[in-house]
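Residues per chain are reported as follows:
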Amino acid sequence: MSDGAQEIMIGQLERELAYYRRECNDLGARLLRLQEEQSQTFREARRSRTVAKLIREAYRLADGELTPAEIGTPMLEIIIENALCDGAALLEEQGEGFRISHAIGVGVEAPSHPVAIPSPPAFFYTTARTPIEPLAYELTGILRLPYVLWAYDKPTGRALILGNRSESNVSRPFEAGDQELIEGALSVYIDIMLRKQAEMALRGAKSTAERASAARARFLATLTHELRTPLNAIVGYSEMMVPGSRYDPSPADRGRYTEMILDAAHYLLKLADGILDYSYLEQALPSLRPEWLPAGKVIANTVALASGEGQSREVAIRAFAIDPALELCIDPVRFRQVLHNLLGNAVKFSPAGSTVEVALLQGDDGGIAVTVRDAGIGMRPEDIPRALEPFQQLDHQAARSFGGAGLGLPIAKRLVEAHGGELSIESWPGTGTLATVTLPPERVRLRLED
Amino acid sequence: MISVAYAKHSDPATAVRGCAASLGTGPLEMLLVFCGGKHDPHVVLSALRQAFGAVPVVGGSAAGAIAREGFGYSGFELGIIAFRDPAVTPRCVTTRELLPDERAGGAALGMRVAEVAHADDVVLLFFDSVALASPLRLHPASAIVDGFHAGFGERPVCLIGGGLLTDMNLAGGWVFDGAAVVKHAAVALVFPSLVRAETAVMHGCRPVSTFMEITRIDGAEVCELDGRPALTVIERMLGLPLGGSRGHELTLTATLGEKQGDPFAPYDENAYVNRLILRANPETGSVTLFEQDFALGTRVQIMSRDNSLMLESVRRGVAEINRAVARSEALFGLYIDCAGRGSARSGAPVEEAALVQTGLDPAVPLLGFYSGVEIAPFAEGRSRPLDWTGVLTVLRRRA
Chain B
1 MSDGAQEIMI GQLERELAYY RRECNDLGAR LLRLQEEQSQ TFREARRSRT
51 VAKLIREAYR LADGELTPAE IGTPMLEIII ENALCDGAAL LEEQGEGFRI
101 SHAIGVGVEA PSHPVAIPSP PAFFYTTART PIEPLAYELT GILRLPYVLW
151 AYDKPTGRAL ILGNRSESNV SRPFEAGDQE LIEGALSVYI DIMLRKQAEM
201 ALRGAKSTAE RASAARARFL ATLTHELRTP LNAIVGYSEM MVPGSRYDPS
251 PADRGRYTEM ILDAAHYLLK LADGILDYSY LEQALPSLRP EWLPAGKVIA
301 NTVALASGEG QSREVAIRAF AIDPALELCI DPVRFRQVLH NLLGNAVKFS
351 PAGSTVEVAL LQGDDGGIAV TVRDAGIGMR PEDIPRALEP FQQLDHQAAR
401 SFGGAGLGLP IAKRLVEAHG GELSIESWPG TGTLATVTLP PERVRLRLED
Chain Z
451 MISVAYAKHS DPATAVRGCA ASLGTGPLEM LLVFCGGKHD PHVVLSALRQ
501 AFGAVPVVGG SAAGAIAREG FGYSGFELGI IAFRDPAVTP RCVTTRELLP
551 DERAGGAALG MRVAEVAHAD DVVLLFFDSV ALASPLRLHP ASAIVDGFHA
601 GFGERPVCLI GGGLLTDMNL AGGWVFDGAA VVKHAAVALV FPSLVRAETA
651 VMHGCRPVST FMEITRIDGA EVCELDGRPA LTVIERMLGL PLGGSRGHEL
701 TLTATLGEKQ GDPFAPYDEN AYVNRLILRA NPETGSVTLF EQDFALGTRV
751 QIMSRDNSLM LESVRRGVAE INRAVARSEA LFGLYIDCAG RGSARSGAPV
801 EEAALVQTGL DPAVPLLGFY SGVEIAPFAE GRSRPLDWTG VLTVLRRRA
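So the protein sequences, as listed, match chains B and Z. Just so we're aligned, residue 1 is where the first sequence starts under my numbering, counting upward by one. Just so we're aligned, residue 451 is where the second sequence starts under my numbering, counting upward by one.
For reference, chain Z alone in the conformation it holds in the complex:
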């Protein structure tokens, strides 16, 4: 049996007690916890141990949480998924080695997961998105996921996950790895083979340019598009200069998207891998992306966030999941929601999390969190990190 609890309070102990009251008593195998970033994680962990005993606690910080009872991104939210049945409780594999080399850390994790996972098993992956707050450096999900696949090998795996943040301003992030509060760490939860996942990736971006080729790139820093400084190209599109203090506004405005498959096929939101722009660099004329998986020669389009499209995509994705899990034994739903999609940041007139909260089949216990990056199977292939998406996955028993 799996149950979900949610509470919001500035006192972490009170929030934990609220969740504990909602979860009730009974033996526990594991807690998956998403904790608002304004809480002191050590106090939360101590309160969890006081309330639930020596049960393994995995998860970490979140810019906010989403549940049936409520949602928010004040930083005081606390969401818990409690696993009670050993038959559906995942095995936890961790690494604390992301800081020196994310790819190597991901590979080590993938190798260890491969030792306990079977083909097509569901693996939930969580890691702290922010490596350093000042100057801001992220743990690129693309490197971690790429490393994971390399370490895991050729067998198929259903990898779903998200980057953990303390807030929407990318101020920090941390992980509960089953033993302690840690940074530069990733947790992989490997579910028993009887558990399957139904996943919908909800987008919200639309191309607003022709294809452009990346003609110079250094890691996550895109220097040139079609031979011109990338920033100049984007500024011309936006019609405003993005130097100085306005550089950060790009995150709210445009993304770069890579279309998969036939580039001239009709628009399909699921065909795009979007990359958020972390910052503009006026001195070099470049832009730095959240991820470093674009390469020299990658053909990209400038993408505009489209709030109507985002909400429409959520409605469609939730309906799709409801159809997929109908007449099956759903264990729980997890919504990994890009923090930027919150109304405070996206400017959407409706909170898209509310559409998931109210739209998902009420029989499915739901917990979600606001993330820094989302990871999901892409285009029926390997999982990839995605930006500006909402990944809704419902874990169910195999029929």
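Chain B on its own, in the form it takes in the complex:
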């Protein structure tokens, strides 16, 4: 081949190579763009599917055993997993501001104080281009993250906020199109929470109704028995004394029978009082009339009242000394009733020759505890909750021996709670029982010297 022909061929090959290079790069560029468009389309589709997936996964929480308060964190986990954000929080409107009920994410620390957002918007988001205005400042301060997405449901006072540390290809900038995502997530949360609340209320009502029904049945059984015993005595002795009776009792017998009828009638009256007292408790509680009274005097008077019963059962009652300046803000009638019920039980279940002790202890927090300790028959720890329920006689044999419709402790418990306090029972079979009435600091003071 001549040099000229070789040069022509080389020139041809160079042109051909340049052509293929150009075509390769052009096709490559088109492939690159198509690939990117496909990825972009898929990411967009994924974003749309995120809402549906989030809602589907979140609704599974409704089927679990979680309480309304417990669904917040798993709900946020689902939101973060689907929305791929750095942090998220659920908020609850409280007065002028919002309380953060749940928050998770990188370095997210929910402020314990309420967050002030004077005019909470229904939807809001921040990006790198958002001007620093008060609202953006308030919302970005919640999670301490600069890019946030916010939704607020005014009727329920609930809000959801998502946050990112940066704007990038994964944590892409928030945009108006995210309204569907955040409002969807918030409404699902509210829906599940309300559903859970309704479920809990229903379950509570059902449980209350079942307990009430069981209590009624027990009450009727107890009452029937408690009524029949004295009524049988009244009917029996009356029949023996009625004119024309074949028994023709002597005057001495008549006197004894009359006493027994009277005893039975008194017992019936006491029983009726207890039932009425418990029945009217609901109405009576709101009308408590607390006043400041010397603690020592209240306890001493009640102990004196119970001492008569104690003497008849040969049970001593010992009250420990109480600071004379100590005063309690209590309803004089109802609080004495509490102590009287506790003392009555202690005396009733104590063996002859034993001592019931009454003491008042001052707690470090400024509250007080009144304790009534006996050395009686006691009860098993698992029976204590039942003893605090109405119409529960733990041991029917004991009930017959000791009498009573099982209303003393439930009435005392309700009355103590109405004073803002608590009644707790500790007991050991064969050893005795310790009843403790606590009152909060606001119901306790030391009288200033006159």
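Take these hints with a grain of salt, some might be off.
[As the list claims (entries may be wrong)] Have a look at the derived ranges for each label pair, beta carbon to beta carbon:
1) Ala745(Z) x Arg60(B): 46 to 56 angstroms
2) Ala745(Z) x Ile132(B): 37 to 47 angstroms
3) Ser496(Z) x Glu382(B): 29 to 39 angstroms
4) Arg765(Z) x Thr208(B): 54 to 64 angstroms
5) Arg499(Z) x Ile132(B): 42 to 52 angstroms
[Said to hold, decoys possible] Calculated from the model, a selection of chain B residues having no Cβ within reach of chain Z, i.e. all distances over 12 angstroms:
6) Glu44
7) Ala88
8) Lys196
9) Arg289
10) Gln337
Simulated from the structure, these hints should not be mistaken for lab results. The beta carbon of each residue, even a glycine, is placed where N, CA and C say it ideally should be.
Given chain B, work out where chain Z should sit, using these hints.
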């Protein structure tokens, strides 16, 4: 015996308890832990100590975790490999000296590993990928690995590993180095010689340009390709400007690949070393790569991520591993998966981690994590850091 546990919960203590329940009781030699980046590592470490006692804890943060029971990149995942048998428990060698000089840190680590390792031993290497979050600076794996080889010497070593991230946005990373939670640190786990590794590197990029020569480069910053500003070349390929806030989008779009061996041999995914583009620099017309191992004169091609290719590569790699470990005593499988391959970032219609999860022989206990960089033996030679790959390795007893 080696067992694997996985849990996901926003409360780290609950996640640890979930893993502990799954692992059961019994003496422990070491825990290899990959922990979602939204967890407080100190709380996790404390919970691990409470649950497992004073056992050494190695590993670190992960953008997500992958196991048989599930996978995800929410940042609340926790994956644990528990080593119970001293015969297969690795020795742990660490360095906390990456910040001043990654190469020197890697070299020091390599020298210490050389003191305890024999030829061809399996070494797992983990380090925190992000040196500084703002401005973003990575611990380049190329410098660490290069230093490691220099320190280790001429003996062959099966080095496999990954960079630890807290999330896909490269916000941070940290390491459990057996004693504490640390940054700027690397952990090398040197396995006894009876342990061998079968490894598959799954790719997902395809060349979309002719060869171009790097005509100006400064570390990881590629300034010119074929004498033109690198950014201009790439922008022309993409058909869109990448300045301003769009600079970060390059990470999702294109990579630079260096083909090993015969440049004109037919396409083979295993012949390419890919480098992700960390950012575009419109003011200088350059692009900054994740690694700094390209040099003046390196011939590169612009590579496009290809999700179909990625999924196909995973299927092929998993099948290859299944064949390799069949009829051998597999100890556990570790999947070091580039965080960018997650569907949220790659846009893949199927999570490629799911293909590993379901495709790997069910008899092999599996744990994986989403990483910042992957390290694996390359082209039957020394190990190299790789980008946009999934490295699946199954450790087994030598036959």
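Tell me, in ascending order, the numbers of any earlier hints that this structure violates. As far as the earlier hints go, 6, 7 are violated by this structure, in ascending order.
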